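> I would like the entire structure built from these sequences, with the hints used as guidance.
Listed below are the residues making up each chain.
Number of protein chains: 2
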Amino acid sequence: MNNVEDNSRQSLDSGDVTTAKRSSISCDRELLAKGVGIVQRAVSARSTLPILQGVLIETSNQGLRLIGTDLELSIEAYVPVMSTGDFQVVLPAKYLTEIVRRLPAREVIITCDSENRVVTISSGKAIYEINSMEAREYPLFPEVPDIPWWKVSGKNLTDFVRQTVFCAATEETRPFLTGVFMSFEGDEVRLVSTDSFRLALRKSSFDNVNSPKQNKGLIIPARTLSEVARIVQGSDNEVEVYASENQIAFKCQETTIVSRLIEGQFPNYDRVIPQQYSTVITVKRVALQETVDRVAIMGKDEFGTIRLTTDNDLLTISANAPEVGKAQDQVTTVSMSGEPGEIALRSRYLMDILKAVDDDEVSLRLTGSLSPVVITQVGVESKDSGSFLYLIMPVTLNA
Amino acid sequence: MNNVEDNSRQSLDSGDVTTAKRSSISCDRELLAKGVGIVQRAVSARSTLPILQGVLIETSNQGLRLIGTDLELSIEAYVPVMSTGDFQVVLPAKYLTEIVRRLPAREVIITCDSENRVVTISSGKAIYEINSMEAREYPLFPEVPDIPWWKVSGKNLTDFVRQTVFCAATEETRPFLTGVFMSFEGDEVRLVSTDSFRLALRKSSFDNVNSPKQNKGLIIPARTLSEVARIVQGSDNEVEVYASENQIAFKCQETTIVSRLIEGQFPNYDRVIPQQYSTVITVKRVALQETVDRVAIMGKDEFGTIRLTTDNDLLTISANAPEVGKAQDQVTTVSMSGEPGEIALRSRYLMDILKAVDDDEVSLRLTGSLSPVVITQVGVESKDSGSFLYLIMPVTLNA
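Residue numbers (numbering that gives the first Met the number 0), protein chains in the order written: chain C, 0 to 398; chain B, 0 to 398.
Take these hints with a grain of salt, some might be off.
A pair holds if it fits inside one copy or across any two, identical chains being indistinguishable in the list.
Calculated cross-link-like contacts (lysine-lysine; reagent style DSS-like; alpha-carbon spacing at most 30 angstroms) [said to hold, decoys possible]:
| # | residue 1 | residue 2 |
| --- | --- | --- |
| 1 | K93 | K33 |
| 2 | K212 | K354 |
| 3 | K283 | K124 |
| 4 | K354 | K33 |
| 5 | K354 | K93 |
What the hints contain is simulated information worked out from the structure, not anything from laboratory work. Since the model is a prediction, treat every value here as computed from it, not as a measurement.
Spelled out as C-alpha cells, the structure:
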C-alpha cells in the first residue's frame, strides 16, 4: 500500500539534496482556518479557468499570504506564522476549506517540496498531501491606493451595507442596478440601491471622510459589499475604504478586499421620491412586520401583493389569493396625520425593509394609491433629513 | 373595496336563515398548529389529485378531527375544542399550515357557512376566509385493528427508527428495500434495513409484545417510520402498534398514523453476516467519527471511499483523491484481537452509522478485505447477541 506516510518517508530518506530544498512553516489552526475561510469567498467553484478555483498560498515577511480571486473580487489575508519558509503554491479552494476546518491539533505545519509541486499539511497525526497548481499562473493582487477616502468602524459599515444591499437588482439586464451607489458629500456618506421596484437610501455623517472634492460617486457590486460586511461584521476595528477610477478597496487589519466598480450612470433617484405626502402614519415596526407576514400568506401572485388602508387610528392590511381565499388584519397606529390613504404593494419588499430597520417605530408616507409609499424614521420633517429612507412602488390591483 | 370584514358583515346581517346555519367552534392556537403540523406531513403538495393537497377538518364528539393523506400514508389528529359545531371541510394544506403558525391570539374561531363552502378562521383581529374543497371526495381514513401487537414508549420507538431507517434504499428499483423489515419473535422485536451496500439490524426485548404466533414480518415504508418518529420523538407516552395483512398503524394519544405495507419478500439478511471474524478492534466512537470525517475529504469518488488498516494498537485511515492528493490519520484503539486487517469502504456509510449509535465505544469486525465489515456493541460474543449490528460491504480499490 502506497500511503501518505510511506511517501513522506521516501522523500525524507532520499538524500540531502532534496531534504535541503523542502521548506515549511507552522501556524495556528484557528488563524489558518479563519484566513482560508475569508479568501475562499472570492473563489468561484464554477470558474472555467482551473487556476481560479485555487487559493494562492505564499510565504512573506508579514506571514503566510493567502489570496482568492474571481478577477472581479479579490481578497487577501495574512496568517501569522511561527516559523519562516519560502514557497508559493496554489491549492484547490474546495478541498483546502474542508481540510482547515477539520485539523485535529492546534499547530499546523505546511511543508512544500523544492519545486512547489506537492504541499503537505499536517496537524496531530493527520497528514494531507495536495498537488499544487502552477503558482506563476495566478493573477496578481490589485494595487491599493495610498490614501483612504473613509475610515469607519466594522459595525457601522456592516449596518450600512445590511440596510441597503437587499434593494439592489439581482437581474443582470441593467448592470448598474446590481450595485450599490456610494457617494460622498462633505462628511456625509450615502449608500443608495434600487431594482426599480423599490429603493433604499442610507446616509450618515462620519469623522473620517477624506474623499476628493469632485467625485460623481461609485457603483459597488452588491456582492462585494455583502462579502465585506460578512468579513468585518461585529468588528470594532476600523475599516479603511480606498477608491480609484475603476476599483474600490477595503482594508481591515490583515485582510484586504479589492473589487472592480460597475460602470455606468446611477439613476437620479431623488426624482422618484415624492416631495409631499397626503398621509403619514407611524406604527410599531415589529407589530407591522408580524401583521404583514400573517396577511401575505394570502397575497396575490408570487410577490404576495397586499393592500394597506388607513382609517382613523387603524391600518388595515388585506390580501386576496384568487380561488383560494382572503385575509385581513389590523395594526393600531401610534399616530396619523393627513387624509385616509390606500396602497397595494408587494409584501416581500415591505418585509425586507421592516427586517433591515432597527428602530422600534417607523413612519409610512403615502401620496395616493398611484404614488410610491415611503418608509422613514419617525419625526423626520423633510425628505432630506433622517438617516434612512425606503421607497416601494405601488401595484395596481383590480378592486 | 370588497374586503373580508365587509363580506363577513354581509352574511351576518343577511337574515336569520343564513345565520342559523353557520356553525363554529373555538380552539387553542398551539393545539391547532400542532395538529395541522402533524397531519400535513402526509399531504403531498405535488399530488395530481387536488383533493389530496387538502387537509380534512371535521367536527366530532372527540374534538376537531384533522386528516391528511397521500393514500399510502394517512395521519389523523384530534384537537380539543372549547365549543361544538357541525361542519366538514377540506382546506389546502399549504395555506392552512402557514396560517395556523401565524395566528395572533390564543383563541381561534373556525366558522363554516351552511354549505361547507367557505371557512372563516379568526384570531384577534386577523380574519382568513378560505374556500373549501368538496369534503365528500376526501378518502376515508383506514380502519385500525382492535388489538395492538406492541406497546412501546415514544422515546424507544424513536431510537429504534433513527438507528435503522437510514440504511433503507432510496431508489425504487427494488421496492422491498425501501422499507424497514419489522419482525417479532416472542418478546423480541427486530428492525432490519438494507440498500444492499449496507445493513442495519436493531433488536430489543419489550414487555408489551403481543403479536400473533405466526407472522413472517412486515416491510414498513421508511418514510412512514420517519414520520412516526418525528411525531412521537421525545414523548414518554406509549405508542400502540397495530398490524394487519397489508397495513400498519401507530397510535399515540390523539394521533393515529396508518400506512400501507410494502409487498414482497425481505432478503435473508442473516446469510450476509460473517460467522467469524479475523480482526476485532474497539475504538472510541467520536474519535473514529472525527477521523473518518477528516480523511474522507480526500475520499475517492462521490462516496468518499477510504481505507482502514489495523496494525498493533493503531487504526490508520487513508484516502486518495486522484489528481488532487491524499490524506491519512490515525486512531488509537481501545483493544484489538486477531490478525492485522485492512478494508476499503464508503466513508458516508460509516459516518451514518457512527452518528446513529449512542455508545461511547464500538467494535469493528473484519474478515479480510473482501468480506463486509461489521460494527457492533463492545463485548458482544456472538453475532446473535448485542442490541445492534451494522454491516458495510467492502469496496475493491486498486492498490
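> Taking the hints in turn, state whether each one holds.
Here is how each hint holds up against the structure:
1. K93 with K33: within (15 angstroms within a copy, 41 angstroms between copies)
2. K212 with K354: neither (35 angstroms within a copy, 61 angstroms between copies)
3. K283 with K124: Close across copies (16 angstroms), not inside one copy (57 angstroms); limit 30 angstroms.
4. K354 with K33: both (29 angstroms within a copy, 27 angstroms between copies)
5. K354 with K93: between (33 angstroms within a copy, 24 angstroms between copies)
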